[in-house]
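Protein chains in written order, with numbering that gives the first Met the number 0: chain A, 0 to 493; chain B, 0 to 146.
In case anyone wonders, no lab produced these hints; they're calculated from the structure. No false leads were slipped in.
Short derived list, chain A residues pointing at chain B, Cβ under 10 Å: (1) S342; (2) P347; (3) L410; (4) S447; (5) R455; (6) K456; (7) E466.
In this text, all values refer to a predicted model and were calculated from it rather than measured experimentally. For glycine and all other residues, C-beta sits at the position ideal for the given N, C-alpha and C.
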Amino acid sequence: MLKRVLVANRGEIACRILHACREANIEGVAIFAANDAGTLFTELADISIQLAGEGLAETYLNQQQIIEIAQENGCDSIHPGFGFLSERADFAQAVIDSGLIWIGPSPGAITQMGDKMTARITMRAAGVPVIPGEEVDGGLEQVLAVAPSVGYPLLLKATSGGGGKGMRAVHDPADLESEAKAAMREALNAFGDDRIYVERLLVGSRHIEIQILADQHGRTIHLGERECSIQRRHQKVFEESPSVALDPELREQMGEAACEAARAVSFEGAGTVEFLLTPKGEFFFLEMNTRIQVEHPVTEMVTGVDLVKEQLRIAAGQPMSCPSIISMRGHAIEVRLYAEDPSNNFLPAIGKLQVFKPPTGPGVRLDTGVRQGDEVTPNYDPMLAKLIVWAPSREEALARMARALDKFVVLGCITNLRFLRELCEHKDVVEGWTTTDMIDRLWPDGWSPDQNEIIRKAGLLIASSCEATAFGKTVSSIYSEHVSPFATLNRRFP
Amino acid sequence: MDFKTKDGILEIEPQRNGSQFSYEGLILDLSGGLWLEIDGRKHKAHATKVGDVWWVHILGHTMCFELIEPGATGGMEEGAMTSPMPGKILEVLVKVGQQVKTGQALMIMEAMKMEHKIVANQDGIIQEIHYEQGAQVDQGAQLLSIE
Numbered sequence: 000m001l002k003r004v005l006v007a008n009r010g011e012i013a014c015r016i017l018h019a020c021r022e023a024n025i026e027g028v029a030i031f032a033a034n035d036a037g038t039l040f041t042e043l044a045d046i047s048i049q050l051a052g053e054g055l056a057e058t059y060l061n062q063q064q065i066i067e068i069a070q071e072n073g074c075d076s077i078h079p080g081f082g083f084l085s086e087r088a089d090f091a092q093a094v095i096d097s098g099l100i101w102i103g104p105s106p107g108a109i110t111q112m113g114d115k116m117t118a119r120i121t122m123r124a125a126g127v128p129v130i131p132g133e134e135v136d137g138g139l140e141q142v143l144a145v146a147p148s149v150g151y152p153l154l155l156k157a158t159s160g161g162g163g164k165g166m167r168a169v170h171d172p173a174d175l176e177s178e179a180k181a182a183m184r185e186a187l188n189a190f191g192d193d194r195i196y197v198e199r200l201l202v203g204s205r206h207i208e209i210q211i212l213a214d215q216h217g218r219t220i221h222l223g224e225r226e227c228s229i230q231r232r233h234q235k236v237f238e239e240s241p242s243v244a245l246d247p248e249l250r251e252q253m254g255e256a257a258c259e260a261a262r263a264v265s266f267e268g269a270g271t272v273e274f275l276l277t278p279k280g281e282f283f284f285l286e287m288n289t290r291i292q293v294e295h296p297v298t299e300m301v302t303g304v305d306l307v308k309e310q311l312r313i314a315a316g317q318p319m320s321c322p323s324i325i326s327m328r329g330h331a332i333e334v335r336l337y338a339e340d341p342s343n344n345f346l347p348a349i350g351k352l353q354v355f356k357p358p359t360g361p362g363v364r365l366d367t368g369v370r371q372g373d374e375v376t377p378n379y380d381p382m383l384a385k386l387i388v389w390a391p392s393r394e395e396a397l398a399r400m401a402r403a404l405d406k407f408v409v410l411g412c413i414t415n416l417r418f419l420r421e422l423c424e425h426k427d428v429v430e431g432w433t434t435t436d437m438i439d440r441l442w443p444d445g446w447s448p449d450q451n452e453i454i455r456k457a458g459l460l461i462a463s464s465c466e467a468t469a470f471g472k473t474v475s476s477i478y479s480e481h482v483s484p485f486a487t488l489n490r491r492f493p
Numbered sequence: 000m001d002f003k004t005k006d007g008i009l010e011i012e013p014q015r016n017g018s019q020f021s022y023e024g025l026i027l028d029l030s031g032g033l034w035l036e037i038d039g040r041k042h043k044a045h046a047t048k049v050g051d052v053w054w055v056h057i058l059g060h061t062m063c064f065e066l067i068e069p070g071a072t073g074g075m076e077e078g079a080m081t082s083p084m085p086g087k088i089l090e091v092l093v094k095v096g097q098q099v100k101t102g103q104a105l106m107i108m109e110a111m112k113m114e115h116k117i118v119a120n121q122d123g124i125i126q127e128i129h130y131e132q133g134a135q136v137d138q139g140a141q142l143l144s145i146e
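The whole structure should be built from the sequences, with the hints applied where relevant.
This is the structure:
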């Protein structure tokens with residue numbers, strides 16, 4: 000059993016982990032940069048320690064400082080959350096070397112899954128289907144030679160690439176040579192390495208991922224899938240489980256492939272194996288995330304398993320508490336609330352959350368890092384909270400999400416609430432035709448809110464009436480200046 | 000009363016009757032919270048003022064209305080390009096005296112871990128550039144001017 004966990008993260012995920020610690024009767028230690036002082040997660044912790052320094056490198060990414068704080072404050076373990084240091088094998092190793100427990104998979108597993116090419120080769124060897132393609136180190140000649148066997152349309156990717164550099168889509172064999180030259184030139188300029196690999200371009204595919212748990216007692220299980228196809232700028236905004244595209248048989252096949260992937264790197268803890276599912280029903284390994292994921296709550300809602308608490312158990316060497324066969328019940332959807340303007344190319348926004356009234360009701364869960372009165376600053380990721388709903392069916396879950404989003408009031412900072420709300424009613428979403436390219440496909444010229452004349456007039460009437468009466472400028476309870484009428488009573492309870 | 004919105008400047012003079020205001024068939028009651036009546040049905044509204052801007056939430060929609068104070072010059076100076084958020088200037092793409100067209104990229108800035116283009120809001124000639132590459136800018140800082 001762990002006794003005191005240092006949470007090496009901030010915001011919403013730090014809150015999530017600290018809640019789990021509290022419920023598991025484990026003490027939680029928060030670390031925070033000066034510009035996070037007073038935010039929600041620092042209040043939820045048993046102990047909060049301010050990090051010295053400014054900027055990410057000196058604070059949340061400062062491995063040495065974080066480990067020292069853990070040691071000085073009697074922590075026995077570190078939970079990295081997601082992002083930041085969560086997939087840094089060197090940090091995992093440093094934590095272990097300092098005598099602390101690393102709540103996550105081994106540094107070896109992180110390394111093997113972190114490098115795209117290594118992961119691809121490891122997975123192929125383990126019998127997990129990878130996207131048809133070839134690694135090429137023999138230059139242009141070899142690219143031209145392997146292309147026909149890979150098939151069109153294809154994608155040229157820089158071996159040491161990232162961020163879209165050195166990446167080219169080729170639809171017509173006639174363009175292959177010039178595109179390959181361009182990709183290699185770009186790769187050489189950007190990464191000092193002109194090796195590229197050729198991969199089939201899977202158009203109209205779905206992003207399906209399988210949640211994995213593996214403990215130190217030899218058990219590796221999957222907890223079904225999450226469908227995360229709706230993305231903007233390669234970031235997910237809408238996730239659900241189960242996926243409409245999977246039947247029990249395909250779920251079992253993909254689940255088993257994901258368990259194989261995890262076993263191939265001796266994975267321990269909570270992880271996610273991402274696949275592309277083509278319209279034909281073929282699935283291919285994309286990558287494995289060796290950490291808890293943003294969208295983990297949808298799996299928790301349909302399986303009833305608390306993934307973060309299982310992480311804590313597994314790290315302490317205990318067997319996981321859930322059964323080998325997980326039954327999935329009902330349907331869960333998560334949307335990510337971002338401080339951003341969807342009508343202006345999803346540009347991040349800042350401001351004070353003057354009003355922040357989340358919805359409530361049956362089957363509604365909010366995982367938030369903020370509350371009313373907080374300032375949204377440009378210092379960190381603009382994700383504010385995640386709204387999750389559960390209902391017996393997908394149709395009811397969509398209706399519940401729509402209802403919840405309508406009741407979610409955020410004033411003072413622009414958010415994507417309305418965009419999320421309209422997604423819930425979009426024909427393609429309702430019918431389950433969600434693909435990774437759908438936002439660009441549905442709104443090629445950008446999104447703008449579906450506001451009718453009545454809504455605009457209502458808004459104008461409200462603003463002008465409030466201005467005329469100075470409404471809302473003196474917000475106070477009608478009782479705030481009075482003595483409670485009950486204060487003078489002394490009731491005896493028999 | 001005049002408000003600046005995404006759709007331009009809108010003018011409104013609502014009819015007042017005690018705690019009720021009405022405008023083109025809509026009725027708003029302010030006696031206990033904000034209740035908007037449309038076709039006989041009541042809907043709860045929320046509103047708050049931040050600076051000169053009224054933020055309004057009604058029927059799942061959030062809108063902003065910037066009050067134009069009577070006698071004000073009309074907000075921002077013509078041709079002034081300001082920073083949409085605090086950040087760092089990564090690149091200056093134009094020079095003083097250069098002819099630019101509406102929508103042309105003038106600067107690249109980095110904020111919230113992403114790159115953003117600052118584009119020209121009118122055709123004209125660059126008069127002044129107030130920040131150099133590498134400079135930190137505050138939200139609302141005037142970056143350059145076009146005439």
